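One letter stands for each residue in the lines below.
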Amino acid sequence: MKTQFLLAKANDNELATRGECGGAVSALFKYLLDQELVDGVLTLTRGDDVYDGVPTFLEDSEDIVETCGSLHCAPTMFGDLISKQLSDLRLAVSVKPCDAMAIRELEKRHQIDSKAIYKIGLNCGGTVMPITARKMIEMFYDVDPQDVVAEEIDKGKFIIELKDGTHKAVEIDELEEKGFGRRGNCQRCELKIPRNADLACGNWGAEPGWTFIEVVTEKGRELVENAHKNGYIEVKTPSEKAITIREKIEGIMIKLARKFQDKYLEEDYPLPENWDEYWNRCIKCFACRDVCPLCYCKECDLEKEFYSSENEIIPDPITFQGVRLSHMSFSCVNCGQCEDVCPMEIPLARIYHRMQKKYRDETGFIAGVSEELPPLYSPEKG
Amino acid sequence: MIKPLNKGVKHMLKIAHTICPSCSVGCGVNLIIKNQEAVGTYPYKRHPVNQGKNCEKGRNSFQILNENRLQNPLIRKNGLEQARWDETLDTIVSQIKKYSPQEIGIVASGNCTNQEYETLKKFAESLGVKNIGYNAGTFPYFNFQSATLDDVESSRTILIVGDVLKENPLLGRRVILARENGAEIISIDISANTLTGINSDEHILIESTSQLTEQVGKILPKLDESSTVLIKELESREEFENILQILQESSARILPVLKDCNSRGAMNYLPALDEDDLKELLEKVKLLYVVGDDPASHLAESMKNLEFIITQGPSVTETVLLSDVVLPGTCWAEKSGTFTSTTGKTQKISKILDAPGDAKDDVTIMVELAEKMGLELIK
Numbered sequence: 001m002k003t004q005f006l007l008a009k010a011n012d013n014e015l016a017t018r019g020e021c022g023g024a025v026s027a028l029f030k031y032l033l034d035q036e037l038v039d040g041v042l043t044l045t046r047g048d049d050v051y052d053g054v055p056t057f058l059e060d061s062e063d064i065v066e067t068c069g070s071l072h073c074a075p076t077m078f079g080d081l082i083s084k085q086l087s088d089l090r091l092a093v094s095v096k097p098c099d100a101m102a103i104r105e106l107e108k109r110h111q112i113d114s115k116a117i118y119k120i121g122l123n124c125g126g127t128v129m130p131i132t133a134r135k136m137i138e139m140f141y142d143v144d145p146q147d148v149v150a151e152e153i154d155k156g157k158f159i160i161e162l163k164d165g166t167h168k169a170v171e172i173d174e175l176e177e178k179g180f181g182r183r184g185n186c187q188r189c190e191l192k193i194p195r196n197a198d199l200a201c202g203n204w205g206a207e208p209g210w211t212f213i214e215v216v217t218e219k220g221r222e223l224v225e226n227a228h229k230n231g232y233i234e235v236k237t238p239s240e241k242a243i244t245i246r247e248k249i250e251g252i253m254i255k256l257a258r259k260f261q262d263k264y265l266e267e268d269y270p271l272p273e274n275w276d277e278y279w280n281r282c283i284k285c286f287a288c289r290d291v292c293p294l295c296y297c298k299e300c301d302l303e304k305e306f307y308s309s310e311n312e313i314i315p316d317p318i319t320f321q322g323v324r325l326s327h328m329s330f331s332c333v334n335c336g337q338c339e340d341v342c343p344m345e346i347p348l349a350r351i352y353h354r355m356q357k358k359y360r361d362e363t364g365f366i367a368g369v370s371e372e373l374p375p376l377y378s379p380e381k382g
Numbered sequence: 001m002i003k004p005l006n007k008g009v010k011h012m013l014k015i016a017h018t019i020c021p022s023c024s025v026g027c028g029v030n031l032i033i034k035n036q037e038a039v040g041t042y043p044y045k046r047h048p049v050n051q052g053k054n055c056e057k058g059r060n061s062f063q064i065l066n067e068n069r070l071q072n073p074l075i076r077k078n079g080l081e082q083a084r085w086d087e088t089l090d091t092i093v094s095q096i097k098k099y100s101p102q103e104i105g106i107v108a109s110g111n112c113t114n115q116e117y118e119t120l121k122k123f124a125e126s127l128g129v130k131n132i133g134y135n136a137g138t139f140p141y142f143n144f145q146s147a148t149l150d151d152v153e154s155s156r157t158i159l160i161v162g163d164v165l166k167e168n169p170l171l172g173r174r175v176i177l178a179r180e181n182g183a184e185i186i187s188i189d190i191s192a193n194t195l196t197g198i199n200s201d202e203h204i205l206i207e208s209t210s211q212l213t214e215q216v217g218k219i220l221p222k223l224d225e226s227s228t229v230l231i232k233e234l235e236s237r238e239e240f241e242n243i244l245q246i247l248q249e250s251s252a253r254i255l256p257v258l259k260d261c262n263s264r265g266a267m268n269y270l271p272a273l274d275e276d277d278l279k280e281l282l283e284k285v286k287l288l289y290v291v292g293d294d295p296a297s298h299l300a301e302s303m304k305n306l307e308f309i310i311t312q313g314p315s316v317t318e319t320v321l322l323s324d325v326v327l328p329g330t331c332w333a334e335k336s337g338t339f340t341s342t343t344g345k346t347q348k349i350s351k352i353l354d355a356p357g358d359a360k361d362d363v364t365i366m367v368e369l370a371e372k373m374g375l376e377l378i379k
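Protein chains in written order, with our numbering: chain A, 1 to 382; chain B, 1 to 379.
Rather than coming from a laboratory, the hints here were simulated on the basis of the structure. Hints may be right or wrong, so weigh each one.
Quick list of simulated restraints, FRET-style, between CB atoms [as the list claims (entries may be wrong)]:
#1 K348/B with G165/A: 45 to 51 Å
#2 Q145/B with L162/A: 41 to 47 Å
#3 N268/B with D48/A: 22 to 28 Å
#4 E66/A with N193/B: 29 to 35 Å
#5 D276/A with E280/B: 46 to 52 Å
Counterexamples of contact, computed for chain B against chain A with all Cβ distances above 12 Å [as the list claims (entries may be wrong)]:
#6 A16
#7 N30
#8 C55
#9 R59
#10 K77
#11 R84
#12 K98
#13 D163
#14 P169
#15 L170
#16 E180
#17 G197
#18 H298
#19 K304
Quick caveat, the model's predicted, so the values are computed rather than measured. Even for Gly, the Cβ is constructed at its ideal location relative to N, Cα and C.
Let the hints inform the model, and build the full structure from the sequences given.
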């Protein structure tokens, strides 16, 4: 279908003021719940503070207002939460590009029914680990992290708002040079506008108080049209200039991501002896496997007896990480969850992303984006 | 596969913060609650202890909530039989009144909340019971300022007694991070091959823990104020005390790695009982009140002469099976309170789930029992 750009905002006053960029996404959720087109909405809400994003499932449209606003210190993953816990429901989900990538791979593997889910994509420049965010706010902003009431990423800066209403901003480049800022995976991620969702929403190119929406699928188009028809959102056409600005921002971010890919996956890629050291730490806790949104087998090869030896202290990297890598790396969407949850700080996502990239260069298959399954896919190997 | 829309039926999926009950490190973990049942865990990345990383035990901790749960009070008639709360408490009251305070013993585990220890302590004091304590393994009471996790991570030298990396991975992680920053890691163990040993710069193999003091003495010159010593549970209380004494000669920080999620909190309220103390207590008393612990799993022989056993806890244990009265208590996610981690950090836990069946909050059980006894719990 023809791509379509539009600007939208919520007609509901409270959603429009409390929501990000005019609250269009919140209004779409409200519409879907009110019209009983979905059983529930899966989205993020703020937990204890701005560094605490908690996945929240809502079944009542009155509650939507509680989910308003965006959180950049919440590196969550919705893919397996949906496939494992919510697969029997009709859902609307707010998705970062990595969520959308995981969901697409799960749909292809029949773990999520694409007909039962509305994917409302959110443009994403990347997320910051909560504890990293707190540390960098202390160090670079000279602010007590508890005094921060809101944060945003805009024009290459990570901006914080304090209790007294003042703002402080630091260039993300500067933060990342010192090892802070966005997660490594996010720095390398090329998918900034989730065109693998039904809609891709964000503030790039949008006027203040409006959400810029790129309609991606027919389902997305119908949703926007009907929400408009039913009075939930106000829409207008963005200017050519707005479209150009958005494209430009996306282009810059993709270029930057490729630079980071070169840095992390080639120039600074760990040496074989570094990997030996990393594998020596492995406690075989299966956290990487269990958090991987794409690993869905009920019976896992890694737990087969012939892959482990008696009295082993660390697993053989060939039959543990090697087997997992051979099953999953082609499909890796670079969400980085495996690395996030590894108790032993093994930089797993680096090797997976590097393998997927090589595979992509050879076959053209882009995990999480391509419509079809990876070439050579077998259900035996994710 | 997809159910038709059914307005009014709530599916209720909730992600809720809690503290992992599996060991003493005090990691945060999110529980996934679906239709009032814990069905999994989800990374809690905001938590400062572990930043969303959990070991296998931690990720599986939700299973404790669903396994072998006690749902009703039980009284031994022809075997253990379901009973009502008032009848059960009455039975306990009449039994307790038969014995002098010297004949009564109270044993808790390291897994109760601080509020439970406090209430239990008051209960014992009101009753005049002196035979009380918690199962502390070989760690004695201590009150020195122990090292924090950030201290471990910023150390220049770390001496590790025991396999911390394997058994307490999220403490082990801080060792790994320190090593990445250039710290020297020295480990001592009676086992030649340990995960901690593999990840150390020097691994010292000893034949028995009796050689520990000597070995720690040798390493002493390397330790200064930028060093941390991690000590896992040893064979005896004396060994731990001896090491502490040697370490007093250095300015190194010390972190004893206690066993249970609130062992560190327990020692602020109740006497720390090692295996011998526990055995002595069990053999000395006639009526035993167990809270959350399972002495029968390792000291059944010493329990043979007990005349009456009351066990309060969330699940079926060997001690429950030996008991005369059983009080179904709550699992950690079913109550509010605090746990104190091995580093001395006290963290809140909140009630996320209802207890199953007729099970009750543990503090409530103790308070109701005290009321029935006519005791006033000293404020």
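Status of the hints after comparison with the structure:
1. K348/B with G165/A: 45 to 51 Å: 30 Å, violated
2. Q145/B with L162/A: 41 to 47 Å: Once the Cβ atoms are compared, 33 Å apart, the range 41 to 47 Å for L162/A and Q145/B is violated.
3. N268/B with D48/A: 22 to 28 Å: With Cβ atoms ~26 Å apart, the hint holds.
4. E66/A with N193/B: 29 to 35 Å: 52 Å, violated
5. D276/A with E280/B: 46 to 52 Å: 51 Å, holds
6. A16: Its Cβ does come within 12 Å of chain A, the nearest being 8 Å, so this is violated.
7. N30: 8 Å, violated
8. C55: C55/B is in fact no farther than 12 Å from some Cβ atom of chain A, at 5 Å.
9. R59: 7 Å, violated
10. K77: 43 Å, holds
11. R84: 37 Å, holds
12. K98: 50 Å, holds
13. D163: 9 Å, violated
14. P169: Label violated. Min Cβ-Cβ 4 Å, cutoff 12 Å.
15. L170: Its Cβ does come within 12 Å of chain A, the nearest being 6 Å, so this is violated.
16. E180: 7 Å, violated
17. G197: G197/B not clear of chain A: closest Cβ-Cβ about 8 Å, inside 12 Å.
18. H298: Given a closest Cβ separation of 25 Å, the condition holds.
19. K304: 37 Å, holds
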